[in-house]
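Novice: So the sequence lines, in the order shown, correspond to chains H and Y.
Start counting the first sequence at 1; every next residue gets the next number (our numbering).
Start counting the second sequence at 631; every next residue gets the next number (our numbering).
These aren't lab readings, by the way, just hints derived from the structure by calculation.
Just so you know, these numbers come straight off a predicted model, no measurement behind them.
Glycine included, every Cβ here is placed at the ideal spot set by N, Cα and C.
One should not assume that every hint holds.
Reference excerpt, derived from the structure (chain H facing chain Y, CB under 8 Å, subset only) [stated by the list, open to error]:
1. 148
2. 425
3. 447
4. 449
No farther apart than 27 Å at their CA atoms in a straight line, the calculated lysine-lysine pairs in the DSS-like style are these [what the hints assert, rightly or not]:
5. H:393 with Y:1001
6. Y:1024 with H:58
7. Y:1023 with H:393
8. Y:1024 with H:468
9. Y:746 with H:393
Spelled out from the first residue to the last, the chains are:
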Amino acid sequence: MTLNAFLFQALNGLSSASGLFLIAAGLSLIFGVTRIVNIAHGSLYMLGTYIAYSFATKIGGGLGFWGGIIATAIVVGMLGALIEFLLLRRIYRAPELFQLLATFALVLIINDAALYIWGPEDLLGPRAPGLRGAVEIFGRRLPSYDLFLIFVGPAVLLALYFALARTRFGRLVRAATQDREMVGALGVNQAILFTSVFALGAALAGLGGALQVAREPANLATDLIAIGDAFVVVVVGGMGSIAGAYLAAVIIAEVKALCIGIGVVHFGMFSVNFSKFTLVAEFLVMAVVLIARPYGLLGRPQAAVRSVAEPEDPIRPATPLLKALAAVVLALLLCLPLLAQNSPYLLILGIDVLIAVLFATSLHFIMGPGGMHSFGHSAYFGLGAYGAALLVKWLAAPMGVALIAAPIVALGGALLFGWFAVRLSGVYLAMLTLAFAQIVWAAVFQWEELTGGSNGVIGVWPPPPFDKASVYFLLALVLTVIGVLLLRRFLFAPFGYAMRAGRDSALRAEAIGIDVKRVHWLAFAVAGCVCGVAGGLFAFAKGSISPETISVGRSIDGLVMVLLGGIQTITGPIVGASVFATLQDMVMRQTEYWRALLGAIILFLVLAFPQGIVGAVAQLFGKRRKGQTP
Amino acid sequence: MKTTRLLFYFALAAAGLNTPVLAQGTIKIGELNSYKAQPAFLDPYKKGIELAVEEINAKGGVLGKKIEVISRDDGANPGEAVRVAEELITREGVAMLTGTFLSHIGLAVTNFAGQKKVFFLAAEPLTDKITWADGNKYTFRLRASTYMQTAMLMPAAVAAHAKRWALVYPNFEYGQAAAAAFKTLMKKAQPDVQFVTEQAPPLGKIDAGAVAQAIDDAKPDAIFNVEFGGDLAKFVREGNTRGIFKNRTVVSLLSGEPEYLDPLKDEAPVGWIVTGYPWNKIDTPAHKAFLAAYQKKFNDYPRLGSVVGYVTIKSLAAGIAKAGSTDTEKLVAAFKGLKVDSPFGPFSYRASDHQATMGAFVGKIALENGKGTMVDFKYVDGASVLPSDAEVKKLRPAGAN
Chain H
1 MTLNAFLFQA LNGLSSASGL FLIAAGLSLI FGVTRIVNIA HGSLYMLGTY IAYSFATKIG
61 GGLGFWGGII ATAIVVGMLG ALIEFLLLRR IYRAPELFQL LATFALVLII NDAALYIWGP
121 EDLLGPRAPG LRGAVEIFGR RLPSYDLFLI FVGPAVLLAL YFALARTRFG RLVRAATQDR
181 EMVGALGVNQ AILFTSVFAL GAALAGLGGA LQVAREPANL ATDLIAIGDA FVVVVVGGMG
241 SIAGAYLAAV IIAEVKALCI GIGVVHFGMF SVNFSKFTLV AEFLVMAVVL IARPYGLLGR
301 PQAAVRSVAE PEDPIRPATP LLKALAAVVL ALLLCLPLLA QNSPYLLILG IDVLIAVLFA
361 TSLHFIMGPG GMHSFGHSAY FGLGAYGAAL LVKWLAAPMG VALIAAPIVA LGGALLFGWF
421 AVRLSGVYLA MLTLAFAQIV WAAVFQWEEL TGGSNGVIGV WPPPPFDKAS VYFLLALVLT
481 VIGVLLLRRF LFAPFGYAMR AGRDSALRAE AIGIDVKRVH WLAFAVAGCV CGVAGGLFAF
541 AKGSISPETI SVGRSIDGLV MVLLGGIQTI TGPIVGASVF ATLQDMVMRQ TEYWRALLGA
601 IILFLVLAFP QGIVGAVAQL FGKRRKGQTP
Chain Y
631 MKTTRLLFYF ALAAAGLNTP VLAQGTIKIG ELNSYKAQPA FLDPYKKGIE LAVEEINAKG
691 GVLGKKIEVI SRDDGANPGE AVRVAEELIT REGVAMLTGT FLSHIGLAVT NFAGQKKVFF
751 LAAEPLTDKI TWADGNKYTF RLRASTYMQT AMLMPAAVAA HAKRWALVYP NFEYGQAAAA
811 AFKTLMKKAQ PDVQFVTEQA PPLGKIDAGA VAQAIDDAKP DAIFNVEFGG DLAKFVREGN
871 TRGIFKNRTV VSLLSGEPEY LDPLKDEAPV GWIVTGYPWN KIDTPAHKAF LAAYQKKFND
931 YPRLGSVVGY VTIKSLAAGI AKAGSTDTEK LVAAFKGLKV DSPFGPFSYR ASDHQATMGA
991 FVGKIALENG KGTMVDFKYV DGASVLPSDA EVKKLRPAGA N
């Protein structure tokens, strides 16, 4: 690679960085002020490309294109305001992270809406009027539109900087980022502030998407790709820091461009194709940055957020009623193989539900009582699944051995990653766990000789008698019950109390002699270990596994299950997982637009039960009890 | 007495509700695919299925029964696909499975079919493993495989007399397999060939400007492309603006398929040698009849997906008719050497590796009326590019036949 080629790839990187920055800046603003992890931000970006495409092709010409980009930003901004006003405003008082569930539903709905409006085909917009050609730099041709984009990023950065530093609105935004209760107490109308910040963030996402219309086709898969990239940029730069977001965008884009520029390199016998590292480059950068600088490049430690939600009740041992109920459910499940003789599919669905329950319960263990919001729990599921499957594939291990190995492999991974993760907290911890999950995913994807690459491992079937759904169901039931009871036992042991003490007040816990980091680290490991069992069960239930087992999608499914059930209750994840797995099965069968339907159902549940399903039931009983004894 | 009889009827009715298989009048075909993840291909594909079902049932169905296709989304995820397959079999009581688009999902369902002894006709997944390394007795495949598509392009690639080649492919099974096949075939045909760079961007996330530039910097004489869909559009636009395709031969898989060519509109890369489907220029009677029927029913033109969906169902109907039943073992026997008439002409399912010999069109991309199309194309029969029966026998696991 010559110096000129290197410098030119750096220019390519800068133009990609602008796109990354625009979407990340909006996400960062929204999170800073409202503390909402807006998963739908990528969907707004995608809508931006689609809407700009419509303007550019329906109106056409310079007005349709350039005017369309501005108009798109306004339209998407208004949509953002609408979302905040109609939906999010109703659930600000829900437990932390719950709003994530609502935005997840929006992702599903917006994607199907775009499919309905614009159809399935990729839509490649026209080239930018006035910037169709290329300019010669370093003996190479750089598209003039890319050159324009290189300047857009810094321009928006400057505009935002001045808006935040010099205007009253900006001062309020900064104040709210630091201490929003105080801002409220000083008489600032929070409702208007939140709506306008959400609108501004959405408009930036729309602008970012619209600017891509001349470079890439509007495509229905953009939403998830964009949100993944945006999160990484925001976290690397430091939550709430706009300049940090730009710096991070530049670093990540440059690393990628460099990997591509280097291409295939031969080291004696080996040859390494660096272009394949673009798969994971951003997550490697994120992991390194978070380990070295826990709050991102330009971020500051997160200000303590006084919870706006109702304070959580201390957990209590199960009441006799609950115990009886659990016994009845368990008895019913034990009889299910007999009851389901005429509809064998019930058992297959049952196995899936049990695996989901184990997955969600182990996630809840660290998320709820542990206060560690893991966004990468699929890593331990995947490690368990791959651990079991690879033993079968390479050593022809029997199922028993493979199922024992699954939690051990997952435990190893959780011990390693957990050690780094527990050093952080809040959204930084969430993102570091996500980065680790992505790194595991990429390793599995790339290490073809061992893991089978994108094909994964096939032919992992249970031996007789477990090849019968009824027998395998019972096996899954036994392991799930053991796993759930074990986690519950942990919660009521001194270890569990220490873990919750560390969550509620790290300082006080340290003062009475609890090594909070150590306790949280071990909790993380326990959760990963139990999750590995679920992974092992999954591998044998499906007969095959692939990198999708470790994907971000599965981690998000886990979050959805926990939040749906109610993060503040111990039975929540069990109910949430059962409901979500069954819903998904029913909905995917029913309709062509199943994603929108699933989204709508989740939205309904979100609005009806802001404490989660079990949380709502518990509250109902609680109220009744209070009512009876005034 | 009356009550007992009534109860008895109720019990019967209840039992009937719970027993899935006994629907007398229809033959149920279970179909699963990544509808939400790959809508550009699978939307037309589903229409192709509808057309075939309508035609077959209008003529009285097969074996005197109507056919019914039950479609499911597999969530673009192998684990989910296996669940959906089990659901189709156990709850819907389908007699056979078909569908799938992505290679790894096709493989997972292939393995499932082998394990559960269910008949599976893989419609679209291209990986060679489905019929070769991981093939089994119960799985057949319609679409020309990665190896076949690459082999179809070989004559043109060799004719370019290019020494320095650059490769660009999506980093997953399909792209890797195509690149590997190309390299093997190319080294055999032209021993002095050099592969000067290999770009393998992640599927759906190509950094097109940087990739195009890296290829240009490697100064290749020719480029072999496996990108498709949104990645292809980005790559073509950046490559055109940066002038990297100038004076270079580009050989490209699937880029002539309307699904991927049409979104490029007037920027379709003229002169690329591609496999594809020039739907408006094929004037065989079989294709004309298909085109007319399709346009009449949907008021839209067919994409390649339409043909795949249509021929999948036609294949299954032909197989069931030949087997005289929906019994799995009989179906497997019937599909060996089964002859099917398709819009591309007659083809057959090989007994040796269960691969269909339906071919593809190879030609050059050109611009007509501001739209991409194929010129100088010819139909390459799949049978002409497949290895011999003896060779594939070595590729398939023992006991797969």
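Novice: All hints, please: hold or fail.
Specialist: Status of each hint after checking the structure:
| no. | hint | verdict |
| --- | --- | --- |
| 1 | 148 | violated, 13 Å |
| 2 | 425 | violated, 30 Å |
| 3 | 447 | violated, 13 Å |
| 4 | 449 | violated, 13 Å |
| 5 | H:393 with Y:1001 | violated, 49 Å |
| 6 | Y:1024 with H:58 | violated, 57 Å |
| 7 | Y:1023 with H:393 | holds, 23 Å |
| 8 | Y:1024 with H:468 | violated, 33 Å |
| 9 | Y:746 with H:393 | holds, 19 Å |
Hint compliance for this structure: hints 1, 2, 3, 4, 5, 6, 8 are not met, and every other hint is.
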